[in-house]
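Could you put the whole structure together from the sequences, leaning on the hints where they help?
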Amino acid sequence: MTMYNSSVDQRVDAALANNFLRQATRRATDRLRHNKYKATDELGSWEEWRNAGASIRSHVIENLDYYLQQLIQQTEKRGVQVHLAKTPEDAVAVVRDIVQKHDAKNVIKSKSMISEEIYLNHFLQADGVLSVETDLGEYIIQIAGEPPSHIIVPAMHKTRQQVADLFEPIAGHTLSSDTPTLTRFVRVRMREQFLRGDIGITGCNFAVANTGSIVMVTNEGNGRMVSTLPRVQITLMGMERIVPSFRELDVMLNLLARSATGQRLSSYTTILTPPRQSTESDGPEEFHLVILDHNRSEILGDKTFRPALNCIRCGACFNVCPVYRQIGGHAYGSVYSGPIGSVITPLLEKNWEKWGHLPFFSSLCGACSEACPVHIPLHDLLVKLRARKTISGHTPQIEQQIFKAYRYFFTHEKTLRRALRLGSRLQFPFVRNGRITGGPPPLSNWTKSRTLPMVAPKSFMQVWADLKLNRKSSE
Amino acid sequence: MTNANDFISQLASKLGRSTPTVPPPLIDFHVPQYRLSNPGERSTIFLHNWQELGGKGVIVKTEDQTVSCLKEWFGDLPLSWIKDNPQAILAWDSLPTLAETAFSTLNWPLARYTMAAPDPRERYSIAAQAELGITGADWGIALSGTIVTNSSAQRGRAVSLLPPRHLAFIEASKLRDNLSEVLEEVSALGSPPSAIEMISGPSRTSDIEMDLSIGVHGPIEVYVIVIDT
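In order, the protein sequence lines correspond to chains L and V. FYI, the numbering for the first sequence is 0 to 474, going by numbering that gives the first Met the number 0. FYI, the numbering for the second sequence is 0 to 228, going by numbering that gives the first Met the number 0.
Rather than coming from a laboratory, the hints here were simulated on the basis of the structure. Any given hint might turn out to be false.
[Unchecked claim] Quick list of in silico lysine-lysine cross-link-like pairs, BS3-like style, CA-CA up to 25 Å: (1) L/K302 / L/K85; (2) L/K302 / L/K403; (3) L/K302 / V/K13; (4) L/K85 / V/K13; (5) L/K349 / L/K383; (6) V/K173 / V/K55; (7) L/K471 / L/K413; (8) L/K349 / L/K388; (9) L/K37 / V/K55; (10) V/K13 / L/K349; (11) L/K383 / L/K413; (12) L/K85 / L/K349; (13) L/K85 / L/K353; (14) V/K55 / L/K388; (15) V/K13 / L/K383; (16) L/K353 / L/K302.
[Claimed, not checked] Listed next, with one range per pair, are the computed distances between beta-carbon atoms: (17) V/S93 / L/K353: 54 to 64 Å; (18) L/D40 / V/S93: 52 to 62 Å; (19) L/K302 / V/D5: 14 to 24 Å.
[Said to hold, decoys possible] Not close to chain L: a few residues of chain V, all C-beta gaps over 12 Å, as computed: (20) T20; (21) S103; (22) E130; (23) H216.
C-beta atoms are modelled at their ideal positions from N, C-alpha and C, and glycine is treated no differently.
As structure tokens, this is what we get:
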């Protein structure tokens with residue numbers, strides 16, 4: 000399935016021409032980044048927390064077989080129905096099956112990136128099921144029919160007026176575009192949905208292996224609604240989202256809340272050890288845990304990219320990325336955008352044709368790696384992905400030709416000298432103020448927005464030869 | 000669906016081994032935890048952080064103080080709520096003694112959520128129509144201004160969730176400095192309750208143009224009374 004009909008270049012051009020988007024993205028990422036710094040500085044020892052987080056995540060990934068087995072045993076022992084899905088299609092089939100079995104018409108959802116990854120809403124809607132996103136940002140983009148533009152603030156790219164315009168047909172009357180009005184509208188509208196929901200679908204921030212607990216964080220409280228009111232709950236998780244015990248959960252929750260939004264803890268942190276006891280008066284009676292692989296096991300088997308599984312989806316790398324900050328999330332074209340999205344999308348989707356552009360959405364400045372609370376070497380992984388793409392032969396013809404030519408000249412010294420001499424003569428029509436400012440394609444791709452230094456009157460090889468001569472004569 | 004043994008053994012083979020049968024060693028890590036040098040400060044700091052998130056709070060020593068604080072916060076509103084809806088003030092089956100006596104003194108009748116209706120959907124709609132939900136708490140966290148509640152048959156998760164106002168009573172002895180202390184005590188319970196809710200302030204969102212807005216789904220107003228007798 001594709002979310003866009005446009006090409007990568009068209010999406011980037013559209014993003015660059017959209018002033019509100021660029022302004023909003025900068026404002027939001029600045030705010031998130033600033034809040035993060037405040038929250039990490041006050042802790043006074045952020046590096047120690049990061050190191051602990053990195054050790055915990057690497058340990059879990061290196062022992063994922065053990066911990067996943069333990070999680071399955073612990074949850075099944077309590078009566079949770081566990082479903083292991085190798086592919087997105089498997090996961091969708093599991094959810095559709097549960098929905099059909101209960102003849103459910105109203106599904107309420109809290110935020111789950113896995114549900115985005117498997118395009119769950121699309122399939123549920125095709126079945127005639129009303130599946131409502133209840134996180135405010137997710138609700139906005141669901142009505143707009145768009146993917147999230149930021150992993151933490153999915154509707155970052157929408158103006159308040161656009162939001163009001165999206166809500167008005169549902170409200171059936173005009174809405175003022177101030178935040179309290181829009182929020183109140185959603186509160187009232189969602190209440191009906193919450194109370195009517197047959198099935199609740201949630202994501203999972205962490206699963207605790209030794210107790211079989213599911214941990215969710217939200218700020219709005221919709222996660223609590225979805226896990227309290229419906230009789231049936233389905234929780235979707237990526238198979239790597241595990242901590243061994245509550246001891247490690249402490250570190251991960253601190254890292255997540257502070258890195259994502261600069262909070263000490265999110266407004267609501269919910270630890271479910273489902274299902275509810277028969278004597279309790281709320282909470283789901285029936286609980287399904289869907290665990291998705293979707294090529295995560297391939298990443299696990301590839302030592303180079305294994306650290307990508309350490310991610311806790313905090314979004315800190317988005318907020319510092321100079322590329323993301325210029326173009327926002329939609330230009331990437333993928334469900335997961337930003338630096339981590341550029342790393343995991345080609346690995347999860349295994350399709351260079353479609354996702355080969357992503358590792359190049361980076362200046363390799365390393366800000367993402369520095370921001371990552373669990374020390375994933377993101378920029379390093381991006382370079383390695385570029386290499387993988389090239390080795391697999393998925394580079395454009397022109398690029399291959401250029402490198403062939405490059406190899407030829409640099410292995411034929413005399414030809415190279417002659418070409419340089421020719422170059423220093425041919426450059427003059429394109430020189431303005433001592434810089435090359437134009438040229439035939441593909442050179443023009445560069446000179447459209449930048450200049451090049453002139454070919455020096457004396458080449459390095461000549462300078463070198465002269466130096467050698469001088470040294471000899473002075474001896 | 001994929002069989003669990005196959006799924007796990009595939010993962011093990013990706014890690015270059017056969018399915019492990021013994022647990023991996025404990026992870027060696029150390030983080031410097033936030034600790035208050037003087038435990039007497041705990042209530043004050045907890046309250047300060049709770050208020051900073053937008054909650055109201057107070058430390059009380061006596062029933063009289065509790066009554067006057069409740070009057071100050073809610074005035075005569077509860078009496079008018081009750082006229083329209085006898086179940087407007089919804090509570091857990093039992094609250095700390097000081098809370099129970101304060102409400103009888105005030106003559107604000109508490110409806111008990113677990114007994115509000117036999118059918119769960121009816122219970123939810125009663126909770127959604129209530130004006131104030133009242134709970135106790137099992138722990139509090141000073142550093143983050145958080146209250147922590149365990150689910151049980153005598154309680155109900157919806158009490159702190161569906162009404163527009165949530166009031167929690169917490170004994171000062173239940174306050175801890177940081178999250179790790181609470182999680183350690185949860186671990187010591189053996190099997191955790193079916194739901195542990197950690198609540199830090201009112202429901203909030205910044206999803207529209209990063210503009211902070213309070214009360215999108217959960218309670219709009221949150222109150223805490225720390226009982227320090």
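Status of the hints after comparison with the structure:
{"no.": "1", "hint": "L/K302 / L/K85", "verdict": "holds, 20 Å"}
{"no.": "2", "hint": "L/K302 / L/K403", "verdict": "violated, 31 Å"}
{"no.": "3", "hint": "L/K302 / V/K13", "verdict": "holds, 10 Å"}
{"no.": "4", "hint": "L/K85 / V/K13", "verdict": "holds, 14 Å"}
{"no.": "5", "hint": "L/K349 / L/K383", "verdict": "holds, 15 Å"}
{"no.": "6", "hint": "V/K173 / V/K55", "verdict": "holds, 19 Å"}
{"no.": "7", "hint": "L/K471 / L/K413", "verdict": "holds, 24 Å"}
{"no.": "8", "hint": "L/K349 / L/K388", "verdict": "holds, 11 Å"}
{"no.": "9", "hint": "L/K37 / V/K55", "verdict": "holds, 24 Å"}
{"no.": "10", "hint": "V/K13 / L/K349", "verdict": "holds, 17 Å"}
{"no.": "11", "hint": "L/K383 / L/K413", "verdict": "violated, 34 Å"}
{"no.": "12", "hint": "L/K85 / L/K349", "verdict": "holds, 14 Å"}
{"no.": "13", "hint": "L/K85 / L/K353", "verdict": "holds, 21 Å"}
{"no.": "14", "hint": "V/K55 / L/K388", "verdict": "violated, 56 Å"}
{"no.": "15", "hint": "V/K13 / L/K383", "verdict": "holds, 20 Å"}
{"no.": "16", "hint": "L/K353 / L/K302", "verdict": "holds, 24 Å"}
{"no.": "17", "hint": "V/S93 / L/K353: 54 to 64 Å", "verdict": "holds, 59 Å"}
{"no.": "18", "hint": "L/D40 / V/S93: 52 to 62 Å", "verdict": "violated, 43 Å"}
{"no.": "19", "hint": "L/K302 / V/D5: 14 to 24 Å", "verdict": "holds, 23 Å"}
{"no.": "20", "hint": "T20", "verdict": "violated, 9 Å"}
{"no.": "21", "hint": "S103", "verdict": "holds, 24 Å"}
{"no.": "22", "hint": "E130", "verdict": "holds, 15 Å"}
{"no.": "23", "hint": "H216", "verdict": "violated, 4 Å"}
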